[in-house]
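There are 2 protein chains.
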Amino acid sequence: MTDQLLPSWRDGATRSAVVDFLDAADEIPHERRVAVFDNDGTLWCEKPRYTQLDFFVWELNHAVKDRPALQSVPEYAAVLGGDMAEVQDIGLPRVAVALVALFEKMEPEAFEARVRAFFDETRHPDSGLRYDQMVYQPMLELMQALEDRGFTNCIVTGGGTEFVRAISRRVYGVDQERVVGTLVRYTLADRNGRRVLVRTSLLEGEVNEGEAKISNIQMALGRQPSLAAGNSPGDADMLEYTNSLDGPSLALLVNHDDAEREYAYRSEAGSFDAEEAVEATATTLGWTQISMRDDWATVFPDP
Amino acid sequence: MTDQLLPSWRDGATRSAVVDFLDAADEIPHERRVAVFDNDGTLWCEKPRYTQLDFFVWELNHAVKDRPALQSVPEYAAVLGGDMAEVQDIGLPRVAVALVALFEKMEPEAFEARVRAFFDETRHPDSGLRYDQMVYQPMLELMQALEDRGFTNCIVTGGGTEFVRAISRRVYGVDQERVVGTLVRYTLADRNGRRVLVRTSLLEGEVNEGEAKISNIQMALGRQPSLAAGNSPGDADMLEYTNSLDGPSLALLVNHDDAEREYAYRSEAGSFDAEEAVEATATTLGWTQISMRDDWATVFPDP
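Residue numbers (the working numbering), protein chains in the order written: chain A, 17 to 319; chain B, 17 to 319.
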C-alpha cells in the first residue's frame with residue numbers, strides 16, 4: 017500500500033470519482049476486481065506517432081539494408097518516405113499488415129529481442145526520452161492503488177499483443193497473459209531438427225478495436241471488468257460495456273488537452289470530429305473524463 | 017511456503033525429478049516461471065467420462081424438459097440414450113458441437129451459474145463425491161510448491177475454456193485469464209435496451225489439443241513454460257515443446273495405472289494403442305512419467 021493515494025492527481029471532481037471507486041472496492045467480488053486499460057494514449061503517449069509504428073519503421077530501416085528490394089513495395093516506400101499523408105492514403109491497416117510481415121518466421125524470443133533493442137536504441141522524437149519513459153505517472157499510481165485493493169490490471173490494446181507484452185511487466189507490472197491485443201497467428205517450423213514456433217503475417221481474429229475489445233476481454237480474460245480506461249473512439253465500446261454491468265464500475269476517458277506538457281489533440285487537423293464524438297458519448301453516458309491539463313499535477317515520471 | 021514439500025508423493029525417481037526441478041527454480045528467469053497443466057486426467061479424474069461431458073448431459077436433460085423436440089436430434093438422442101458407442105460413431109467432436117449449441121445466446125454469467133449448479137447438484141458416478149473433489153492431491157501440492165517459488169500456474173485444456181474457468185480459482189487457485197482451452201465465439205446482443213455479450217455455438221479457433229496447445233500457449237499466455245504436465249496423446253506436443261526450450265524444464269506424464277484408487281486405462285478396450293504410443297514417446301524423449309499407483313501416496317484430497 018502506497019503512503020499517499022494518487023499523489024499526481026489534482027483535487028477535483030475527477031480525482032474524487034476515482035477515489036470513490038477505490039473506496040467501493042470492498043463491495044466488488046474478487047472475480048470482478050479486474051481493470052482494463054487501453055495502452056496508446058491511455059497509459060503512454062501515442063504522439064506524434066504510435067510507438068509501435070516507430071518500432072516498425074525502425075525495423076524496416078534495418079531490413080532494407082539487407083534487402084534493398086523492399087524499398088519498392090508501395091507500403092514500405094510510403095513509410096520510408098516519412099509521408100504520413102501517403103500512409104493514410106494507402107490505409108493504416110494495409111500498411112500495418114505489410115509491416116507485420118517483416119517479422120514473419122521469427123521466433124517469439126527473437127521478436128522480443130527486437131523490441132528491447134528498439135527501446136534501448138531509440139528516443140521519442142519530441143521529448144528525447146526513451147519511449148518507455150513516456151508513460152503517464154497518474155495512471156501508474158492508479159494501477160498501483162488498484163493492485164493494493166486486490167485488482168488485476170490488464171491491458172486491452174489495439175496494438176500488437178507481443179509488442180506490448182515485451183514491455184508490460186517491466187513498465188506496468190502487468191504479466192504477459194494479462195495483455196490482450198491484436199494477435200498474429202503462429203505456425204510450427206523445423207529449425208535444425210528442433211520444432212519451434214514462428215510468427216506468420218496473418219492476423220488471428222480481428223484488430224482489437226471497438227466491439228472486438230469486448231469479446232476479446234471475455235475470451236482472453238474470462239472476467240467482466242469493473243474499471244475500464246481509454247482515450248479514443250476505439251475504446252468507447254469497452255467503456256460502455258464495463259459501465260453497463262451490474263455493481264460498482266468506473267469508465268475513464270483520458271482527454272488530451274495539454275499542449276504544454278503533452279499534446280492537445282483538438283488543435284490537430286482531422287482529429288476534431290472523432291474526439292468530439294467520444295467526449296459527447298462520455299458526457300451522455302456519465303463516464304469520468306480526465307483532463308490531462310487540469311486533473312494531472314504530473315504527467316510523466318521523473319526521468 | 018508449505019511446511020513439508022510434496023507430502024503426497026512417495027520417495028523415488030519421479031519425486032526426485034520433480035524436487036530437482038523445484039530446486040532449480042532460482043536459475044529460471046521470471047518470465048519462464050510458467051507451468052502449464054492439462055486438466056482432464058492430469059489435474060482431475062476424467063473417467064468414466066469427461067466431467068464436461070457429464071455437465072453437457074445434465075444440461076441436455078434439463079433442456080429436453082422444456083423443449084422435447086431436442087430428443088429427435090441424432091447427437092442428442094445418442095447422448096440421452098447413454099450409448100457411448102453410438103456417440104463414438106457420430107464422433108465426439110460433432111456431438112460436442114451439438115452440446116455447445118445448448119448454451120447459445122447465454123450470457124457468460126448465466127453459463128457460469130449453470131456450471132456451479134451442476135457441481136452442486138451432481139455426484140461422480142463411481143465415487144459418489146462431488147466432481148470437484150476428484151482432483152489429484154499430489155498435483156495440488158506441486159502447484160502450491162511452484163507458486164511458492166514464483167511460478168504462475170496455468171491450465172491448458174482441450175475442454176471448454178469457460179467451463180474450466182468457472183471452477184479454476186476455487187479448485188486450483190488459477191485465475192480465469194490463466195486458463196487456455198477451447199473457446200466459443202461471442203456476439204453482442206440487445207437485452208431490454210442493454211448491450212450484452214452472448215455465447216454463439218461457433219468455435220473460435222481450433223479445439224485446443226495437440227499442436228494447437230503450443231500456439232495457444234503463445235497467443236494466450238505469451239510466455240514459454242518451463243514445466244508442462246499432461247496425460248494423453250493430445251498433450252504430447254505441449255510436453256515436447258516445453259522440454260525442448262532452453263534452460264531447466266520438466267515434462268510430466270501422468271500414467272493411469274491405479275485400478276484400485278482411480279482407473280487403469282490400459283485395461284480398457286481401445287485405449288491401449290494411444291496410451292502405449294505416448295508412453296513410448298515419453299521414454300524416448302526423457303519425460304518424467306508419474307505412476308499413479310507407485311508415485312502417489314494419496315490420490316484424492318480428504319473429502
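The reader is advised that the hints may include incorrect statements.
Unchecked claim - Computed list of lysine to aspartate or glutamate pairs in EDC-like fashion (alpha-carbon distance at most 20 Å, straight line):
(1) K121/A <-> E292/B
(2) K63/B <-> E227/B
(3) K63/B <-> D262/B
(4) K121/B <-> E227/A
(5) K121/A <-> D273/B
(6) K121/B <-> D262/A
Hints were generated in silico from the structure; no laboratory data involved.
Now for the hints, and whether the structure bears them out:
no.: 1; hint: K121/A <-> E292/B; verdict: 34 Å, violated
no.: 2; hint: K63/B <-> E227/B; verdict: 24 Å, violated
no.: 3; hint: K63/B <-> D262/B; verdict: 35 Å, violated
no.: 4; hint: K121/B <-> E227/A; verdict: 17 Å, holds
no.: 5; hint: K121/A <-> D273/B; verdict: 42 Å, violated
no.: 6; hint: K121/B <-> D262/A; verdict: 19 Å, holds
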